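There are 2 protein chains.
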Amino acid sequence: MSPPAAVEVDLRGDSDTSSVPCPDPLTVDGVAAWRTKTPKIPTGVAPATHSDMFKSPHCYTKPKAKRFDHRFSLESKSRKVSTLKGAAKYLKNPELISLGGGLPSPEYFPFEELDVKVPTPPGFSPEATRESGTVLKAGKHDIREGTSLYDLEVALNYGQAMGAPQLLRFVTEHTEIIHNPPYSDWQCSLTCGSTFAWDTTLRMLCERGDYILMEEYTFSSSVETALPLGVKGVPVKIDAQGLVPESLDDILTNWDEKARGARKPFVLYTIPTGQNPTGATQLAERRKAVYKVAQKHDLVIVEDEPYYFLQMQPYTGADAAPVPPPASHEEFIKSLIPSFLSLDVDGRVMRFESFSKVVSPGSRVGWIVASEQIVERFIRSCEVSSQNPSGIAQLVLYKLLDGHWGHSGYLDWLINLRMQYTNRRNAMVQACEKLLPRDIARWTPPAAGMFHWIEVDWQKHPGFSSGKTRAEIEEDIFQAAVNNGVLVSRGSWFKANSEFEERNMFFRATFAAASEEKISEAISRFGQALRAEFKL
Amino acid sequence: MSPPAAVEVDLRGDSDTSSVPCPDPLTVDGVAAWRTKTPKIPTGVAPATHSDMFKSPHCYTKPKAKRFDHRFSLESKSRKVSTLKGAAKYLKNPELISLGGGLPSPEYFPFEELDVKVPTPPGFSPEATRESGTVLKAGKHDIREGTSLYDLEVALNYGQAMGAPQLLRFVTEHTEIIHNPPYSDWQCSLTCGSTFAWDTTLRMLCERGDYILMEEYTFSSSVETALPLGVKGVPVKIDAQGLVPESLDDILTNWDEKARGARKPFVLYTIPTGQNPTGATQLAERRKAVYKVAQKHDLVIVEDEPYYFLQMQPYTGADAAPVPPPASHEEFIKSLIPSFLSLDVDGRVMRFESFSKVVSPGSRVGWIVASEQIVERFIRSCEVSSQNPSGIAQLVLYKLLDGHWGHSGYLDWLINLRMQYTNRRNAMVQACEKLLPRDIARWTPPAAGMFHWIEVDWQKHPGFSSGKTRAEIEEDIFQAAVNNGVLVSRGSWFKANSEFEERNMFFRATFAAASEEKISEAISRFGQALRAEFKL
Chain A
327 MSPPAAVEVD LRGDSDTSSV PCPDPLTVDG VAAWRTKTPK IPTGVAPATH
377 SDMFKSPHCY TKPKAKRFDH RFSLESKSRK VSTLKGAAKY LKNPELISLG
427 GGLPSPEYFP FEELDVKVPT PPGFSPEATR ESGTVLKAGK HDIREGTSLY
477 DLEVALNYGQ AMGAPQLLRF VTEHTEIIHN PPYSDWQCSL TCGSTFAWDT
527 TLRMLCERGD YILMEEYTFS SSVETALPLG VKGVPVKIDA QGLVPESLDD
577 ILTNWDEKAR GARKPFVLYT IPTGQNPTGA TQLAERRKAV YKVAQKHDLV
627 IVEDEPYYFL QMQPYTGADA APVPPPASHE EFIKSLIPSF LSLDVDGRVM
677 RFESFSKVVS PGSRVGWIVA SEQIVERFIR SCEVSSQNPS GIAQLVLYKL
727 LDGHWGHSGY LDWLINLRMQ YTNRRNAMVQ ACEKLLPRDI ARWTPPAAGM
777 FHWIEVDWQK HPGFSSGKTR AEIEEDIFQA AVNNGVLVSR GSWFKANSEF
827 EERNMFFRAT FAAASEEKIS EAISRFGQAL RAEFKL
Chain B
327 MSPPAAVEVD LRGDSDTSSV PCPDPLTVDG VAAWRTKTPK IPTGVAPATH
377 SDMFKSPHCY TKPKAKRFDH RFSLESKSRK VSTLKGAAKY LKNPELISLG
427 GGLPSPEYFP FEELDVKVPT PPGFSPEATR ESGTVLKAGK HDIREGTSLY
477 DLEVALNYGQ AMGAPQLLRF VTEHTEIIHN PPYSDWQCSL TCGSTFAWDT
527 TLRMLCERGD YILMEEYTFS SSVETALPLG VKGVPVKIDA QGLVPESLDD
577 ILTNWDEKAR GARKPFVLYT IPTGQNPTGA TQLAERRKAV YKVAQKHDLV
627 IVEDEPYYFL QMQPYTGADA APVPPPASHE EFIKSLIPSF LSLDVDGRVM
677 RFESFSKVVS PGSRVGWIVA SEQIVERFIR SCEVSSQNPS GIAQLVLYKL
727 LDGHWGHSGY LDWLINLRMQ YTNRRNAMVQ ACEKLLPRDI ARWTPPAAGM
777 FHWIEVDWQK HPGFSSGKTR AEIEEDIFQA AVNNGVLVSR GSWFKANSEF
827 EERNMFFRAT FAAASEEKIS EAISRFGQAL RAEFKL
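Chains as they are written, first to last, in the working numbering: chain A, 327 to 862; chain B, 327 to 862.
So that you can see chain A by itself, here it is in the shape it has in the complex (with noise of 0.2 Å):
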């Protein structure tokens, strides 16, 4: 345990870009040209760094975020920037010799040179990989010998809580390029994954004794993470869309503070696009709506986005030929239903951004969006927790998102697998229109992520008339499947409250990791234990 090297953060953003005639967003063919005019990459050890330094003149001529100084907590409120990192400002003198910080020598890092091998688009399969994949060097001075950006000597040492420059460069690009928020101080940072952002962001606004509104089932674990901070969910209401703004509306201007022993809660946990457990997405009007209740009630809105980019082309029926991928990135880049972000008029989102389920969750790397005043309370946090997501993940990500694919390259590979979750989804509806009893079950065909959400109208189960519960019956059903050799996850789980009371039954079956015949032959072993249960 050591200090990260002695440096100070200054997020206020001084490269002079404001002379560049440049006032349109950056798009992908544009950041080559952008990148030229941008100040030199920092390339030290554990260097000082913010998505300033990486945003286009454009979003400098957005207003500034509200303040929610009133929405932190008194755990956020009391963090101070680190003693150490305060004598950063000496080691700006060249002939300075430092004895100060504690990082170790780089000789003393027993590895040389890392490689991977990874595709070349449009390759992406994991046979194309292997023929003529490319292999991405990384040696360990790399920067010194201006070969690289980014080495193994900086990499393996401490470094910033917001993570390295090089990747800090590219989520940031990337996220003027999908998103554009409506303001101008946005700021990124890399994470050690949402899970972590999630606690961190809990910590850093709610107090023991609060309430966040969720959709009324969500992620089991972001419940499960905020139940022993003394936080609890107050389901809202949810329909094919997912969050119902009415709903939540409801429940804020009809918030009883008394009764419920609890101030009015002003955090928002939402899942917009492809939600878990309920593979509903929220369509742009939908969003619009909630952000306008955010509005009125002065909501911090955590918008929680790992299947963003699993969102696939529409469903047309068994029957109906395959819709074409989209055939550039403009128009890909235009199919993406807007995020919260980009409707972000006031900076009152905070937006997770995850690598999990579009290049690996073993990573252990993500980030945040979110203003540079509720940003810069994140990075506090994760100074003293994280410290920042480990530097070999951070290279080898660089390495192929940057030195590889490129802007370009990596929207390519998202719209491959918007392509590849297209044909699973598929199999997986069509297996259920085939295979699951209709009378009793139900769905939506989801438009994006990995879940399919199917109802089952319990009060036709034999159980039913003869007394049994709505837990007991589903927990029949559940019993059933497994019986019958298949696993799908049963709804209750994923109640933001264990005192909200469901009126229907629900099942979780994904699609994101089975083959194609597995999910028919588990889809067929779930209908039999259906129609078991049912007698039918």
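To be clear, the hints were calculated from the coordinates, so they are not data collected in a lab.
Since the structure is predicted, the reported quantities are computational estimates derived from the model, not experimental observations.
Incorrect hints may appear among the rest.
Any copy, or any two copies together, can satisfy a pair, since identical chains are not distinguished.
Claimed, not checked - In silico DSS-like links for lysine-lysine, alpha-carbon gap of 27 Å or less:
id, residue 1, residue 2
1, K760, K403
2, K558, K403
3, K392, K406
4, K563, K861
5, K786, K614
6, K584, K366
7, K614, K406
8, K388, K618
Position chain B relative to chain A; hints supplied.
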């Protein structure tokens, strides 16, 4: 954000090792034979694992740890096993098709191979590695193909909070070989580094308003981790051997809850070896005395030990012949001062282990060792924050430590580091002997770590008689040093509590990173600054 693979974690240790006749603790040479008797290592995605799979039968001849139920925070006590992990038991049926967990398919991980070039013992220098290093290869399907126990397919997917069994095995064996804890139910858990482990531990044990016991000068980041949680340090007196047990006992015996407005502290945070910032090392008798006080007052001892393997050869003076390196692994292990863990008959020690100073801080992989009860609570917390250290970093460490060096090669590496740091320390101390004004500057040659702690007799400073405060004189000297081209850290940056009133004045200089020539030049500049300030 998605659930890690649904598996149930059973820390009770169900491997049947009781009948194996092997009463001796594990040794470096005994590992290979012992491994043949242990159950097969689980090689699936995010498998359930724990140290009991890897500890030798010798461990079970010892009594169990005491319970520490009364020490956990409200937050920690509220933690439950994840709902989704509860579904894991169904996965034991190999015929079952799981549509349960949200794991992405490995065909969408865009890395087919990862290679690292590492030193081949005994050629540990970067030059030797470049010339005759070994390239370690990790493919995507090495496990399936039978060529390795760990591969990209598994490392790039979700993992368990305690880490991959492949690396957990290595650190468990290492822990038994080096520390052989004197109770039976100790466990290891991999962590995202000791800063993260400390934050997690504070939340696990402390409530807002608590005090924790710390060396009066300590790692400032550890203080800054605690403060925003409402947890303050109580400074315990130190001497040339670090923590003074009588001071610890005195504070606890005379703790006045009313006057302090806080319950009696029960967490002792200590850096026993090469302490940061003082460089002090507690010898064996000192540790035993501290442990006794911990027993008397029922403390939990957190031993933060990044510098344990930076214990150096004795300092014998500028003109003495160098002390030869340890002649064998046995001699090396014997030369190490016993850790608190190795004295811990009660199971009241949490040991923080780190690869930062001996392999690479950028890996963000470390581990803790503690009783099963404590590690279980720790893991419950990680499951909903960090999830697990980066799989890419774990794979790289596994390939190096287990796949290539083994315990024998790793000890060779550590002995090599010991000699390297001995040379650095000698250069630092000899430069001080030659270049600092010894009438006002004093030090003890450090026996471990990276830091040299220089006391300056501030009352001989001309400012003292003219009424300057201690703090003003410290600032003057610090600035004079910076102006003369050398950055050292001010002792006051490391106060365990901002209210702690300093009697003496110190500066910390690290010998970890600068070359011997730079160290000498830097100390020369510091000497000039001191002479100018003190008008010598």
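Right, here's what the structure says about each hint:
1. With identical chains, the CA atoms of K760 and K403 are never at most 27 Å apart, being 56 Å at best within one copy and 48 Å at best between copies.
2. For the homomeric pair K558 and K403, the shortest alpha-carbon distances inside one copy (22 Å) and between copies (16 Å) are both at most 27 Å.
3. Taking the shortest alpha-carbon separations for K392 and K406, only the intra-copy value of 22 Å comes in at or below 27 Å, while the best inter-copy value is 38 Å.
4. In this assembly of identical chains, the alpha carbons of K563 and K861 never lie at most 27 Å apart, being 32 Å within a copy and 76 Å across copies at closest.
5. Taking identical chains as interchangeable, the C-alpha atoms of K786 and K614 are never at most 27 Å apart, the minima being 38 Å within one chain and 70 Å between chains.
6. Taking the shortest Cα distances, K584 and K366 never come within 27 Å of each other, neither inside one copy (56 Å) nor across copies (57 Å).
7. Taking the closest pair of Cα atoms, K614 and K406 never come within 27 Å of each other, the shortest separation being 36 Å inside a single copy and 37 Å across copies.
8. Only within a single protomer do K388 and K618 lie at most 27 Å apart by alpha-carbon distance; the minimum there is 20 Å, versus 63 Å between protomers.
Of the numbered hints stated above, those contradicted by the structure are hints 1, 4, 5, 6 and 7, listed in ascending order.
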